[in-house]
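K.L.:
Chain residues, written in single-letter form:
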Amino acid sequence: MQTLTQRLANPTRFMELSRAVLPWVAAGACLLIAYAMYLVFLVAPPDYQQGETVKIMYIHLPSAWLAMMGYSIVAVSRFGLLVFRHPLADVSAKAAAPIGAAFTLAALITGSLWGKPMWGTYWVWDARLTSVLILFFLYLGLIALRSSLDDESLAGKLTAVLALVGVAILPIIKFSVDWWNTLHQPSTGFTSTVDPSMRTPLLISAVGFTLLFIALHLKAMQTEIVRRRVKAMRMAQVERDEQRFSAGAE
Amino acid sequence: MSAFLALLKRDLTLAVREGAALGTALGFYLVVVAMLPLGLGPDLKLLSRIAPGILWIALLLAALLSLPRLFEADQEDGSLEVMATAPLALELAVVAKALAHWISTGIPLALAAPVLGLMLNLDIALTPALVATMLAGTPAISFLGSIGAALTLKARRGGLLIALLVLPLYIPTLIFGISALGFAGLGQDGFTASFLILLAISVASVAAAPVAAAAALRLQMS
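Chains A and B are the protein sequences, given in the same order.
Going letter by letter, the first sequence gives residues 0 to 249 in numbering that gives the first Met the number 0.
Going letter by letter, the second sequence gives residues 0 to 221 in numbering that gives the first Met the number 0.
The shape of chain B in the complex, shown without the other chains (with noise of 0.2 Å):
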């Protein structure tokens, strides 16, 4: 346990000292978000409805923009290898820098999405509604990044792979994401029930992706 903690104070004091990661994902957030109102011509009517659907995706987008050196620079200097036989499960080491993924890029993005849904004139009521979506979906996002990351590793041209791989397995959660933020904006009792699929999502994801991408990591260590 003491070695999972370690390891994951060590992957957010990176995040943070280093910084640029966090700056550059929020910075993609920010212009995709300004970008599509100016494709679509400013209609305030119809960017209120649509706002939801900007928001999560964009988030999608920056998210994955962060991925690829989730285990790149491990690999880089070497750590990678102690991380895979060291005696704390590969498994482990794979959830704890998930879980710094999230804590260092979901949070602070779901946390932005307000501040973007004024942009977009999101109705003020919606927010609480948006970042409990975003909160709730945001640890299957890393998660399931985490193994289109490790798959990649090697990979030449990884980072347009990863989003080819990884899009795909973020539809579950950006159907139910929408679909919640569709009930509470029509203030119908279906929010409770995609809220509570979203989470399920999360917790499946946290279950089962760190199986994925520690086997991934130990096809390429050896």
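Just chain A, with the same shape it has in the complex (with noise of 0.2 Å):
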């Protein structure tokens, strides 16, 4: 019996699977976030401290949310190149890098324009957002260091070295960090102090959002594919006219 990841393995079939899929993903990402626009923009009432600027919050939240999603998936598909030696883990982890780098980017932009009314300065050296920060470096340092080498299998097990160093030190990171004192609110989470109102469209913004993230992954990870048997290609292709010339000259 084989498992899903197992019968993923073979990239034909992953291309296969992943061509039925992304469509309706897509399809899904953009009606759910079309509809927690509206629900944003039209119905969902104004904070009645914040005003319009809890807006952001829709897109904040969902964005740092993906951020976190992101390095898990990268650091997951790391770990499976490593110990299982998984073909489609360098691909996946690839490809997610970049998309989380960007939602963290998302996420503390958003946040600071948010920061800028609210607290009354585009940033603070808070806990949190410090974290974040640091997270996205880690980000710029896998996606570096993963396109800094010609051998391809070889710069990918490097960055799975460096994404599960990054594992274990987020947490020392986060937890030394809180030793600043905290601006950001704790998170409420989905709870019941946050009115149905907003609840509701934020909810279905973090969907979205997660739809979307799926869908550039599963895209992304696509063209990686396209793109390695192109090259693969237009190896076989010197090889040939390689041989053509060396058998000419005889």
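Heads up, some of the hints might be wrong.
[Said to hold, decoys possible] Below, simulated SDA-like cross-link-like pairs (lysine to any residue); rule was C-alpha separation at most 25 Å, straight line:
no., chain 1, residue 1, chain 2, residue 2
1, A, K218, A, K173
2, B, K153, A, V166
3, B, K153, A, E223
4, A, K230, A, W124
5, A, K230, B, Q219
6, A, K173, B, L173
7, A, K173, B, K44
8, B, K153, A, K173
9, A, K173, B, V205
10, A, K173, B, L63
11, B, K153, A, L81
12, B, K153, A, R84
13, B, K153, A, M234
14, A, K230, B, R155
15, A, K173, B, I177
16, A, K173, B, T191
17, A, K173, B, L21
18, B, K153, A, S152
19, A, K173, B, I170
20, A, K173, B, L60
21, B, K153, A, T11
22, B, K44, A, W124
23, A, K173, B, A207
24, A, K230, A, A28
25, B, K153, A, I142
26, A, K173, B, L163
27, B, K153, A, L163
28, A, K173, B, A162
29, A, K173, B, G181
30, A, K173, B, L198
31, A, K230, B, R156
32, B, K153, A, L153
33, B, K153, A, W124
34, B, K153, A, K218
35, B, K153, A, R227
36, A, K173, B, L160
37, B, K153, A, F78
38, B, K153, A, S146
39, B, K153, B, L173
Derived from the structure by calculation, the hints contain no laboratory data.
Assemble the dimeric complex from its two separately framed chains, guided by the hints.
P.N.:
Okay, structure coming up:
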């Protein structure tokens, strides 16, 4: 009995399956985000203290959640590469890193746009902000290390070592920056303290953006697989040309 | 054990006889610390307030500068492959090399800090605490740095890449080093707590970093 991850190890099968799934995921993401934006801008009430700026939250929260989910995907994929040598693990990790970095940046930017009217400053060296900024640096390090070597398989494995070191160090960073005073409010989760008129759009927006992440991730993985095939075909072409050339010379 | 000591002795001898690496790191440390007051203005009150931060950050940068050489020379002349195939575990070889880096770079930089502190109008009473936190924190800098040095061994633009990879890992060390000095400056008793956490970070790095660094080296050997 093969598990799903084992069956997906064949890139061709992955391409078939992801081609079938991708349009549905992408359409779901578009519809849910559009519906969430409709609720946010036309239905949800402004906050009694924050006014209209509360609407930034509907983008900020999903971005922050996807920033962390992105790193989990990268770390789990890298672990799968190092331990199980799963053929698609490197593709998945390489594809997820820039998307996760983009959502981390989105969380930082939306947060600082919200911070200016609410806290009176774009940036504070607060525990939450600083640890998310460091998460962004870790993403940059992973992307830079992955692209620094011509040997792709070696680059993937070395990046795996860094990603796992990052998993070990992230809680320490989180803990160490807690020594600064915290201005960022603690998470309320999706608890009942948030009124349903705001909770529902937030929930829909979170699901929509998660689907968007998955769609982008699948597409990026497909692109990476195709890129590798093109590279392999080019190499084969060069070898054939070389053989013909040496045969002609004799 | 004798192989471990022999490797440590070899690296220390190389560091002493070459000399240039330590001289460059100390010179860099001095120049960075001298540049910052020129950029910030010569307000002595401001300088004495931010002196611990300047000294710590300049120390991190100076140590970072010497990291790429940690495995590079051995990679070039092939002795790294001898170490990888030797009976001594590669993890222990990494420990010996990082320890040699700490003794030959970390300790001299920490000992140079009080002199530079004088230029920044640092309170003299803080000097023992400054040296103590730096001696406690620099092992983490050498050992975490060995991960970065191992990962970027074959990378293009390795020197820039290593800064991007390693500096985020130094953040806990920096935070607890500065917070210990902050407590010492205010005369509060939080110094011991921060100092002990700083030691804990160093001990954890000594234990864990060689495993990651050796894994990265092995991947590049095969």
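K.L.:
A:K218 and A:K173: Cα distance at most 25 Å?
P.N.:
Distance of about 32 Å is beyond 25 Å: violated.
K.L.:
Do the alpha carbons of A:K173 and B:L63 lie within 25 Å of each other, as the hint requires?
P.N.:
Holds. A:K173 to B:L63 sits at ~23 Å (cutoff 25 Å).
K.L.:
Does A:S152 sit within 25 Å of B:K153, going by the straight-line distance between their CA atoms?
P.N.:
With a Cα-Cα distance of about 13 Å, the restraint between B:K153 and A:S152 holds, given a limit of 25 Å.
K.L.:
Under the criterion that the straight-line Cα-Cα distance not exceed 25 Å, is the pair B:K153, A:L153 satisfied?
P.N.:
holds, 10 Å
K.L.:
What's the verdict on A:K173 and B:V205, does the C-alpha distance respect the 25 Å limit or exceed it?
P.N.:
The given pair, whose Cα atoms are some 21 Å apart, holds under the 25 Å limit.
K.L.:
Run the distance test for A:K173 versus B:L198: straight-line Cα separation, threshold 25 Å.
P.N.:
holds, 18 Å
K.L.:
If you draw a straight line from the CA of A:K173 to the CA of B:A162, is it 25 Å or shorter?
P.N.:
holds, 21 Å
K.L.:
Sort out whether A:K218 lies within 25 Å of B:K153, counting only the CA atoms.
P.N.:
This hinted pair is violated, its Cα atoms lying about 31 Å apart.
K.L.:
Can the restraint linking A:K173 and B:G181 be considered satisfied, given a maximum Cα separation of 25 Å?
P.N.:
holds, 20 Å
K.L.:
Check whether the Cα positions of A:K173 and B:L60 lie no farther apart than 25 Å.
P.N.:
holds, 23 Å
K.L.:
With a cut-off of 25 Å on the C-alpha distance, tell me whether B:K153 and A:W124 pass.
P.N.:
violated, 36 Å
K.L.:
Hey, A:K173 versus B:L163, does the alpha-carbon distance stay inside 25 Å?
P.N.:
The hint holds at about 19 Å.
Violated hints, in rising order: 1, 4, 7, 8, 17, 21, 24, 33, 34, 39; the structure is consistent with all others.
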